[in-house]
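K.L.:
Single-letter residue listing:
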Amino acid sequence: MVPLSYYMILSAIVFITGVVGVLIRRNIIMILLSIELMLNATNINFVAFSYYLDNIAGQVFVFFALTVAAAEVAVGLAIIIALQRTKATVNVADLNLMKW
Amino acid sequence: MATLSFLYFGTVIVLTAILVVAFRNPIYSVMALLVMFFHIAGLFVTLHAEFLAAVQLIVYAGAILVLYLFVVMLLNVQQDDSYQRQVKLGLGLGLLALTQVVYIVSTAGIPEEPVMKKASAVTAAGEAAAAAAPGNTETVGHALYTTYLFPFEVASLILLVAMIGAILLAKKGLMGPETK
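Chains as they are written, first to last, in the numbering used here: chain A, 432 to 531; chain B, 207 to 386.
Because the hints were derived from the structure by calculation, they are not lab data.
It is possible that part of the hints are untrue.
[Stated by the list, open to error] In silico lysine-lysine, BS3-like type, Cα no more than 27 Å apart, as pairs:
id, chain 1, residue 1, chain 2, residue 2
1, A, Lys-530, A, Lys-518
2, A, Lys-530, B, Lys-294
3, B, Lys-378, A, Lys-518
4, B, Lys-377, A, Lys-518
[Said to hold, decoys possible] Listed next, the stretches of chain A that the computed footprint assigns to chain B, with coverage defined by at least 3 CB atoms under 8 Å from CB atoms of chain B:
id, stretch
5, 442–451
6, 455–464
7, 475–484
8, 494–501
9, 504–512
[What the hints assert, rightly or not] Label-pair restraints from in silico Cβ distances:
id, chain 1, residue 1, chain 2, residue 2, range
10, A, Asn-486, B, Val-308, 20 to 30 Å
11, A, Asp-525, B, Gly-315, 40 to 50 Å
12, A, Ala-524, B, Lys-377, 47 to 57 Å
13, A, Leu-528, B, Leu-213, 26 to 36 Å
Nothing here was measured: the structure is a model prediction, and the numbers come from that model.
Glycine included, each C-beta is placed from N, C-alpha and C at the ideal position.
In isolation and in its complexed conformation, chain B is listed as follows:
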C-alpha cells in the first residue's frame, strides 16, 4: 500500500514537473505546478508530515501560485515564447547530472527502513504509545518555539523585508529614474 501510493504520487510529480518546464503557455505551466503541489502534499501525508502538507497547500498552492497567476495575466505574455538555443545541451547536462545522482544514491548505502521507531509500533503497546504521543503539528510547533526560536524570528524579518521590497520595486514612481 505504501509502495503503491508512493508510485502514484511519484509518477504524477515527475510528469507534472516535466510538463511545467515543457508547456509553452505559462498559464498551463502554473496549472501543472498546482497539480504537482497537491501531490507533494499527498506525499508529505504519507511521510507523516501532516502539518507541512497543510502548509504546502495553503502557502504554495494558495498564495504563491495565485501570485504567479496574477503576474502572468497582468503581463499578458505572448504565447510564442520559444526555448533557448541550447535545448539539447541543457537536456544532455540534465541527464548527465541525473545519472550521477542515481549512481551516487545507489552506491551510498542509505538506510532502507526508518530508524528504530517502527519496530515497536506494530505491537498493541506500541500503537497505544503512538496514540498517546503528541501529534505532528504539536511536535513541529514545540521545536519551532523552543530550539528554533531565533531562526523563527529571523524568518518573520525576512518576510517583512520581502514585503517592503516587493512594494518598493513594483510601485510606480517610487524608485528609478522614471520618477516624475
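In isolation and in its complexed conformation, chain A is listed as follows:
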C-alpha cells in the first residue's frame, strides 16, 4: 500500500511545476495551461485524501473544482481572444499598460 505522503509529494511536484510555469513563460496561453496543472495537482490531493480518510466529500469537491476549471478556461480563453484582437499579442511582456 502506497503511503498517503507519496501522493502529497506527487501533488506538490505537479503544483510547483505549474507555479514555475506561470513564473517563467511569456505566452499567456501557456500561463493558463500552467494553472490547469495546479488545479490538477489539488485534485490528486483531494482524491487521495478522500480514499485514505474514507470520506466522499473529497471527490465531491474535485467535482466542483472541475466545474470551476471549465468556467475558468472558457472565460480565460475568451479574454485571450479579445486580447489578441485588440493588442495583437499573447506575450505578457508586451502587456504593460498598467505597469508602474
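Fit chain B to the known structure of chain A by using the hints.
P.N.:
Quick look at chain B alone, frame taken from chain A:
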C-alpha cells in the same frame, strides 16, 4: 502491485508536467497535458474514484483541451516565444518551495494506511459486504444531491455565467470601443 502502478503513473505525471512547462511550441504542451490527464485518470482509478476518472477524461481531455487546441490554432502563435528573463529565479523559488513541502510532509505524521476500512475487506465476509455496498458513482451522486445540493446548483450558475461571459468577451463588436 499498487506501489508499481503508483510509480508508473506518478513518473509519467511528473515527466509530462515538466514537459508541459518546458515545450516551446504550445501544441506540444497541450499534447503533453493530454497524456498527463490520462495518467491522472488512471491514478484516480487506483484510488477507487472511477466516476471522477471518467469525468476527468470527458471534461478535461474531451472539452477543456479541445478548447485550448482551438485557441492555439486560431491564434497561430509563433514558435519562438522564449522564456521570461527570470528563469533561474523561478526555478530556484520552485525548488525552495518543493523542499519546504517535502520537509513538512515528511515530518507531519500523516497516516500511512487508509483509515479502518481495509482491515475487513481482506476476509470473505468483508469482500461480500464490499460487493453489496453501492458503487463509487452511486455514492458520489447521493452526496451530490443530498448534502451538497446547494453548491451543486451554484456550480450550474457558475457555468451559465461563464458561458455568457465567454460569448460576450469573444464575440466581435459586442463589447469595447471598437463597436461599429
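K.L.:
Does each hint hold? Answer for all of them.
P.N.:
To see whether the hints hold, each was checked on the structure:
1. A:Lys-530 <-> A:Lys-518: 16 Å, holds
2. A:Lys-530 <-> B:Lys-294: 23 Å, holds
3. B:Lys-378 <-> A:Lys-518: Status holds; Cα separation ~14 Å.
4. B:Lys-377 <-> A:Lys-518: 16 Å, holds
5. 442–451: That given contact holds, which follows from 8 residues of the stretch 442–451 of chain A lying within Cβ reach (below 8 Å) of chain B.
6. 455–464: With 8 residues in contact (Cβ-Cβ under 8 Å with chain B), the coverage given for the stretch 455–464 of chain A holds.
7. 475–484: That given contact holds, which follows from 7 residues of the stretch 475–484 of chain A lying within Cβ reach (below 8 Å) of chain B.
8. 494–501: Our answer is that it holds, as 7 residues pass the Cβ test (under 8 Å) against chain B, meeting three.
9. 504–512: holds (count 8)
10. A:Asn-486 <-> B:Val-308: 20 to 30 Å: 25 Å, holds
11. A:Asp-525 <-> B:Gly-315: 40 to 50 Å: About 48 Å separates the Cβ atoms of Asp-525 (chain A) and Gly-315 (chain B), which means 40 to 50 Å holds.
12. A:Ala-524 <-> B:Lys-377: 47 to 57 Å: 28 Å, violated
13. A:Leu-528 <-> B:Leu-213: 26 to 36 Å: Once the Cβ atoms are compared, 48 Å apart, the range 26 to 36 Å for Leu-213 (chain B) and Leu-528 (chain A) is violated.
In this structure, the earlier hints numbered 12, 13 are contradicted, and the remaining ones agree with it.
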